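Engineer: Spelled out, the chains give:
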Amino acid sequence: MKRYYADRTGLNVLRLLIFAITAMVIFLAYRYLSFIPIFMWIIMLVFFTICFFITIIYLPLYFKSVNYYITGRKIIKHSGFFYKTNQVMRFDSIKYTTVISTLFSKKTGFNFVMLNAFGGRMILTFLKQRDLEEILLEIQLYKQK
Amino acid sequence: MYYQHPYKILQYSAKNLWLLIFPLLRGLIALRLDINELYLWLKGAWFDILIVIAILATGYIRWRCSYFTIGKDSIMHQKGVFLRTKITIPFSEISTVSAERKLLYLFIQAADVSIDTDGSGYSRADLKLLVKYSDLNEMEEKINIMNKKGGMKYSYKPNWWTMIFFSVIFSSSLSGAVYIATVFFQFGKIIEEIIDRKLTDTLNEVTNEVAAILLLKIPPIAIGIALLVLLSWVLSFIRNIFRYVRFKIEKDKSSTKIKMGIISKYFYYLSLEKINYIDLRQNLVMKLFNVMTVNINCSGYGNEKNEIPVFVPIMHKKQVSNILKIFIEDIKLHKSLIKPKRTSFFRYIWIPLFFIIITFLASLLMYTLFPEISGIIKFALIMAEIPLVWLLIVKFASVFTTGFSVENDQLCICYCKMYAYHTVIAKRDKIAKIKIRQSIWQRYFNKCDVIFYLNSKISKRHIIKTLSFSEVEKSLGYKYINN
Numbered sequence: 001m002k003r004y005y006a007d008r009t010g011l012n013v014l015r016l017l018i019f020a021i022t023a024m025v026i027f028l029a030y031r032y033l034s035f036i037p038i039f040m041w042i043i044m045l046v047f048f049t050i051c052f053f054i055t056i057i058y059l060p061l062y063f064k065s066v067n068y069y070i071t072g073r074k075i076i077k078h079s080g081f082f083y084k085t086n087q088v089m090r091f092d093s094i095k096y097t098t099v100i101s102t103l104f105s106k107k108t109g110f111n112f113v114m115l116n117a118f119g120g121r122m123i124l125t126f127l128k129q130r131d132l133e134e135i136l137l138e139i140q141l142y143k144q145k
Numbered sequence: 146m147y148y149q150h151p152y153k154i155l156q157y158s159a160k161n162l163w164l165l166i167f168p169l170l171r172g173l174i175a176l177r178l179d180i181n182e183l184y185l186w187l188k189g190a191w192f193d194i195l196i197v198i199a200i201l202a203t204g205y206i207r208w209r210c211s212y213f214t215i216g217k218d219s220i221m222h223q224k225g226v227f228l229r230t231k232i233t234i235p236f237s238e239i240s241t242v243s244a245e246r247k248l249l250y251l252f253i254q255a256a257d258v259s260i261d262t263d264g265s266g267y268s269r270a271d272l273k274l275l276v277k278y279s280d281l282n283e284m285e286e287k288i289n290i291m292n293k294k295g296g297m298k299y300s301y302k303p304n305w306w307t308m309i310f311f312s313v314i315f316s317s318s319l320s321g322a323v324y325i326a327t328v329f330f331q332f333g334k335i336i337e338e339i340i341d342r343k344l345t346d347t348l349n350e351v352t353n354e355v356a357a358i359l360l361l362k363i364p365p366i367a368i369g370i371a372l373l374v375l376l377s378w379v380l381s382f383i384r385n386i387f388r389y390v391r392f393k394i395e396k397d398k399s400s401t402k403i404k405m406g407i408i409s410k411y412f413y414y415l416s417l418e419k420i421n422y423i424d425l426r427q428n429l430v431m432k433l434f435n436v437m438t439v440n441i442n443c444s445g446y447g448n449e450k451n452e453i454p455v456f457v458p459i460m461h462k463k464q465v466s467n468i469l470k471i472f473i474e475d476i477k478l479h480k481s482l483i484k485p486k487r488t489s490f491f492r493y494i495w496i497p498l499f500f501i502i503i504t505f506l507a508s509l510l511m512y513t514l515f516p517e518i519s520g521i522i523k524f525a526l527i528m529a530e531i532p533l534v535w536l537l538i539v540k541f542a543s544v545f546t547t548g549f550s551v552e553n554d555q556l557c558i559c560y561c562k563m564y565a566y567h568t569v570i571a572k573r574d575k576i577a578k579i580k581i582r583q584s585i586w587q588r589y590f591n592k593c594d595v596i597f598y599l600n601s602k603i604s605k606r607h608i609i610k611t612l613s614f615s616e617v618e619k620s621l622g623y624k625y626i627n628n
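These protein sequence lines are chains A and B, in that order. Okay, so the first sequence: first residue is 1 according to the working numbering, each after it adds one. Okay, so the second sequence: first residue is 146 according to the working numbering, each after it adds one.
It should be emphasised that the hints constitute simulated quantities derived from the structure, not laboratory data. Hints are not guaranteed to be accurate.
Stretch by stretch, here's where chain A covers chain B in the computed footprint (C-beta under 8 angstroms, at least three residues) [stated by the list, open to error]:
{"id": "1", "segment": "182-194"}
{"id": "2", "segment": "215-228"}
{"id": "3", "segment": "232-246"}
Since we're looking at a predicted model, the values are computed, not measured. Each residue gets a CB set at the ideal place from its N, CA and C atoms; glycine is no exception.
Please model the entire structure based on the sequences and the hints provided.
Structural biologist: What follows is the structure, encoded as structure tokens:
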């Protein structure tokens with residue numbers, strides 16, 4: 001039974017993106033809102049706090065907690081840090097799959113799989129390209145049986 | 146690997162492309178055959194031309210990045226430039242494949258293909274493609290529910306007058322009115338205003354004339370509304386005629402093909418084992434004549450706006466049973482075993498009764514306060530009371546027809562929702578959930594409401610009111626829930 005974890009490169013790329021956006025907002029606030037200092041400081045503080053919470057606390061915990069494994073005829077997803085969630089989906093209930101990936105996803109780990117079943121769906125996030133192919137192959141082999 | 150039809154480039158291009166094309170064309174038409182004038186025009190319109198080219202280029206790139214492959218046992222579609230989405234649907238999971246050939250598509254040899262499964266809970270199709278005719282033929286070869294090489298075992302084609310009767314019954318003024326509104330919105334605000342003004346003027350003339358002819362004390366505004374409703378109903382009727390005439394169903398071993406349409410042609414390929422349930426629908430008039438329409442619940446069939454998931458358009462009850470035996474084996478009509486007591490009729494009629502009384506009292510109050518518009522009030526009262534009284538009669542009759550039964554691994558639910566009577570037949574394994582609901586009063590009188598949830602892409606409730614709790618418990622509790 002192999003466990004699949006979220007690709008930590010995705011975490012670093014996301015951190016970089018969020019840092020860049022926050023830095024830009026802070027710069028724009030400093031450049032154009034300096035004539036209302038209170039408003040400028042509020043915006044800068046709010047964005048800095050959100051950036052700090054997401055990049056330093058939430059995302060690392062999310063990436064640490066999310067993992068998937070396949071046992072026989074089902075796929076299991078564990079996620080959540082404050083609220084632990086376990087999702088189980090049988091292969092025979094999967095109707096179709098949707099893979100969403102961005103440019104350079106092989107390097108960044110921005111690969112997502114949606115397993116669509118009757119009455120619900122399971123989303124596997126930030127998968128390594130190799131893991132994604134393995135999971136899809138397992139499902140395909142099961143469907144061919 | 147197949148690309149979608151090149152017409153998709155225009156669909157992918159921005160919707161408001163024509164906003165730029167028309168000024169450009171107008172300028173071009175106004176030009177005389179003079180190279181200097183063309184140069185002047187280009188000098189003025191170069192930015193517009195660049196934007197049009199950019200929009201078309203975006204459409205082309207999106208089209209080029211969107212392709213599909215038909216494998217041995219699955220179909221795959223990839224789309225997107227920066228954010229790529231790849232959908233893979235195994236043939237074994239397909240519930241419906243539909244192909245729509247619109248009038249325009251006849252000239253460009255294209256068809257809209259939608260592939261649907263039971264997966265995810267949205268009403269829209271899981272996969273939508275605009276394909277060339279040649280690729281559609283390839284699909285028919287490879288996708289097993291579309292492949293009809295073995296020939297059709299049975300086919301059924303209703304008479305043309307049956308389809309006209311069906312269109313009359315299922316044409317609603319509301320959907321027609323929505324249709325008009327949609328047309329107005331589509332043509333843009335300017336055209337909308339022009340049509341609106343013209344329509345209002347014409348309608349005013351017509352309503353004044355009709356009011357003069359009838360010499361009734363009915364206000365022209367009321368006649369205007371009635372005419373508008375009538376017009377929208379006619380539109381809805383025409384749309385239904387064009388869609389459902391030439392309806393034909395054919396069946397082979399494991400799938401059914403449904404064809405319909407005169408101008409735009411629709412083809413549906415349904416997997417028989419993916420049919421969730423059958424819904425026999427009747428209104429009060431149809432009930433009196435013992436005729437019904439057979440609808441089916443199968444993901445991808447009749448899910449779109451203004452579509453009816455019809456399987457057999459109009460048929461006598463005796464014939465329905467035979468047709469169902471042929472097309473959907475193991476399905477039988479059976480009588481309801483557990484029914485509500487006739488004394489509990491008030492639970493069925495109280496809502497229309499309440500609104501009848503409220504409407505009457507409200508109009509009485511209005512009559513006292515504004516006697517100068519008594520004509521309008523009288524007319525409004527009559528117009529409001531007619532559907533309510535009709536609903537009261539329908540609900541009262543439903544007391545005698547409502548109920549459910551579980552026999553030989555089959556569930557049969559008979560109930561009334563608004564003006565329609567439904568007889569839902571499903572196999573036992575298609576039941577998703579059963580809910581038994583009791584209010585304080587029902588607990589005291591040993592009554593309950595039973596709500597069935599059947600497998601369906603969009604969750605629907607089938608409610609049977611005021612049944613005997615002990616009978617329900619006996620029927621479902623031991624036979625069903627504990628199994």
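Engineer: The structure should be examined with respect to each hint, and the outcome stated for every one.
Structural biologist: Here is how each hint holds up against the structure:
no. : hint    : in the structure
1   : 182-194 : violated (count 0)
2   : 215-228 : holds (count 4)
3   : 232-246 : holds (count 6)
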